[in-house]
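Heads up, the sequence shown stops at 838 in UniProt numbering, and the numbers go up one at a time, no gaps.
Each hint should be verified, as a subset may be incorrect.
Keeping only pairs whose Cα atoms sit at most 20 angstroms apart, straight-line, the calculated EDC-like set for lysine to aspartate or glutamate is [as the list claims (entries may be wrong)]:
1) 226 to 145
2) 715 to 740
3) 687 to 662
4) 788 to 106
5) 788 to 217
6) 687 to 673
7) 687 to 630
8) 226 to 114
9) 687 to 667
Ranges of calculated distance between the beta carbons of each label pair, as one might list FRET restraints [unchecked claim]:
10) 332 to 271: 24 to 34 angstroms
11) 527 to 106: 44 to 54 angstroms
12) 827 to 99: 53 to 63 angstroms
13) 511 to 231: 38 to 48 angstroms
The set of hints was computed from the structure by calculation and includes no laboratory data.
Note that the Cβ used here is the ideal one computed from N, Cα and C, for glycine as well.
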Amino acid sequence: MSVAGRSDPPARLGCETRLLRWQRQPMLMIAIAGLVGILCDQTLSVSSEHWPLLVGVAIAGVVAFWSFPRLRLWALLLISVGALGFYHHQSQHRYENQTLASFLSDAWQPIWIDAIVQSPIERRPDAMGDQHSDAEVQAWQSVLEIEAVSLRGGSDFRPTSGRARVVVDGVVQGLLHGDHIRLSGNAQRIPPASNPGEIDLQQIYRARHQLVRMHVDSPDQIRIVKTGRWTAQRAIDWLGNRGQQALVVNMDSSMAPLAEALVLGRRQAVDRPTRDRLLETGTIHLLAVSGLHVGIVAVAASWLALCWGGSRTGNLMFVIGVCLAYMLVTGARPPVVRAATLISIFLMGRLVGRRVDPLNSLATAAVLLMVIDPLSIGQIGTHLSFLAVATIVLCGERPPVRPAPDPLDELLHSHWTRLRGGIRVAWQTVRQLIAISFWIWTIGLPIVWYHFHVITPISIVANVLLWIPLTVALVAGLATAVLGGIWTPLGSIPGQICQRALQTITQLVDGMSHVDGAYYWMPAPPYWMLPLFYIGIVVAALLTARRFQKSVVLGWIALWLIAALSQATHRPQPDRFVATFIDVGHGTSVLLEFPDGENWLYDAGRLGDPAFARWPIEAVLWSQQIRHLDGLIVSHADADHYNAIPGLIERFSIARVLGSHELFSSDQRGVMELQQTLNTHRIPIEKLAAGDVLLQQPDCRVMVLHPPRTHLRAKDNANSIVLRLDCFGHTLLLPGDLEDPGTAMLLAQPSPQPGGVLMAPHHGSLSQDIYPILRWADPAVVIASGGKRAAGPRVLRMLAETGAQPFVTHRDGAMRVSLDRDGIQIRTWHDSPWPTGR
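Could you put the whole structure together from the sequences, leaning on the hints where they help?
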């Protein structure tokens, strides 16, 4: 019983567990059984021959035990396990046997194919567009999904099959679902992760049924062979495109991408800074059409139906139809399917006068999703969506039952008293929303922390504050898309309303992202702690007396957080030095882990989009549970050696950045922007020259061999910082992109002890003669940090000229070099992955 003026957590946590009986939630039991079947297929590797046998046994069990009421449930669950597990197996089998991927490798290669368009075209910002054009307008790329039908081999096209994701530089227009197109570009099989902790792209694309991705340089390389016939899906895509055009025309260019994501679920158009701010405030779900969006659409549709008039049955069917249509237009993603299913079941129950059990309805949505798209069950968004709704169902506070008011009391109450009562009701509503937001954030915390490495306590308040402007933006955005789709000027007024609401959202998000303690970037605990968290929640809810349930659950959460924080801490290895050569493509980044616990980076960049450089580096740092760098050395002023630093600064603390005297005297735009970023974050800049000793530890010494204090009148490469690391009697040399005359100056110095490790200068480029430095260093191992060209046979022969063992990050993935008293150990992520903190 709550006391007036006191804010208690919701009172239903755990009380609903008494209702978890299979008679009231049969679909819940079937959903659990189906999930077990899918997990069995994923973990037990049951063959295609054995699954039909298991399903047959399950059917026989149903027939045999149907006459025994107590065994009837188990027979149904057994057939659910077999049927949904077999169905998932068949879906996986079809996915893995797409023939298009068999013609490709992990390396990009030219391709010319005929295909059928399978998705609407989404636009996304081209981060490298300013390098392709001098225009000040935003450069865009187009993203679409295709189903390949034939592949050119020689002068003929051979039949093939398989889905692919296509990215086109430029804006593609006029394509709809079902169009037969011919396109040329470069394609590759989706590669496996090449660094520890890196996002598994194969798993992400698997949920989309894609094994291949393709890049096309220009829309001119796409030709329509035959226009597709009109189908329901084609009409839906056309409507979505009309709505998108209405949003773009009737809103400013700064807000239109956010409106596309919020209203139509086309979130590719949102730029990365906006995505990062939403992630930091725990509001990233605004970009993914979810149950909240579908609920708002349902409420808006019900208002419209009431204004329109009509019968009760007609109004309910109208709302259901609007929700299903919105689900299809936004791409029928798992959270939307779940929400549309829940609303439809609830309204159908209202229609027939039956009470609908929320958990049973949620389970029905889960089973439906297993049937529609079983490969999507492993998606993070799917997990969070169902978990959030289950939390609301189990933790939502029931409105108190109020006795009918006495007419005399009502007469005696003044208007002021009624106003106070209204304020009290509003405050109680806000309290309840904050409480529900707290439980949703808390229950989803382990999954978000593990996958995104961020904890966002500000989201508890943020999601409540954004609820009203979000509702206004979504309803106005839908009106803009619908009315503007009919006639563009009709969308002008709702477009401006939507824009004002989105501006309010972005201002609130920006403001909350600058609040101290709003979010914390940090390494995640190991995976085994996730199931431990949820098992503990279930045990606490089931086995604790009702009046102690909230306290016990909150106590368990606090205990788990303490344990998780202790597990998510980097632990140094006092008996060894470790260098990890991160696979960033054409670029360089080497993580240096010293025996005393200090962690350094030598370079942090790659050729191309800076975000693609930041992601593999931060993945490796998170996997080693590192959140602080004691130093970051920039070898020279080429962007592929430093362009990831601004992104890393946002997520990691960096004690200092070190470079040569020439580096921070450069007038290059990128270097000047880097200096400004460092100054903004108050990160000290230190300058290095030959002879400087960076570290002096009992078993490790780090010394700068180059450049000299006097500037060499040559390219930046010739002034690269060359580091010599001597640890446990072995030497590691990091020469950046060193070239003459810098190479000649290095070779004039005493050579290191033979048998060490050398990073190949200039990414192993054939344009540089590295034989002199190979002969001078006489290494046992040579590592080239480079892209596709660095993995060619000519480069490998060059690296092995003096008998050293060659490695290339593009071919071998990340490289882990361990130096200790027993010698040098080399491990590659592709062939011998090492254990991580995850």
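Hints, one by one, checked against the model:
1. Taken as a hint, the residue 226 and residue 145 pair is honoured in the structure, with Cα atoms around 17 angstroms apart against an allowance of 20 angstroms.
2. At most 20 angstroms may separate the alpha-carbon atoms for a hinted pair to count; residue 715 and residue 740 meet this at roughly 9 angstroms.
3. Pair hint residue 687 plus residue 662 holds up; C-alpha atoms about 9 angstroms apart against a cutoff of 20 angstroms.
4. In summary, the hint linking residue 788 to residue 106 is supported, as the alpha carbons are separated by about 10 angstroms, within the 20 angstroms threshold.
5. Taken as a hint, the residue 788 and residue 217 pair is honoured in the structure, with Cα atoms around 18 angstroms apart against an allowance of 20 angstroms.
6. For the given pair, residue 687 sits about 18 angstroms from residue 673 by alpha-carbon distance, which is consistent with the 20 angstroms threshold.
7. In summary, the hint linking residue 687 to residue 630 is supported, as the alpha carbons are separated by about 15 angstroms, within the 20 angstroms threshold.
8. Between residue 226 and residue 114 the alpha-carbon distance is near 11 angstroms, which keeps this suggested pair within the 20 angstroms criterion.
9. Proposed proximity of residue 687 and residue 667 is supported: the alpha carbons are some 16 angstroms apart, at most 20 angstroms.
10. One distance hint, 24 to 34 angstroms for the beta-carbon pair residue 332 and residue 271, holds here, with the actual separation near 26 angstroms.
11. Separation of residue 527 from residue 106 is about 26 angstroms and departs from the stated range, judged on CB atoms against 44 to 54 angstroms.
12. Evaluation of the 53 to 63 angstroms hint for residue 827 and residue 99 yields a failure: the beta carbon distance comes to about 35 angstroms.
13. One distance hint, 38 to 48 angstroms for the beta-carbon pair residue 511 and residue 231, holds here, with the actual separation near 46 angstroms.
The structure does not agree with the numbered hints 11 and 12 stated previously, though it agrees with the rest.
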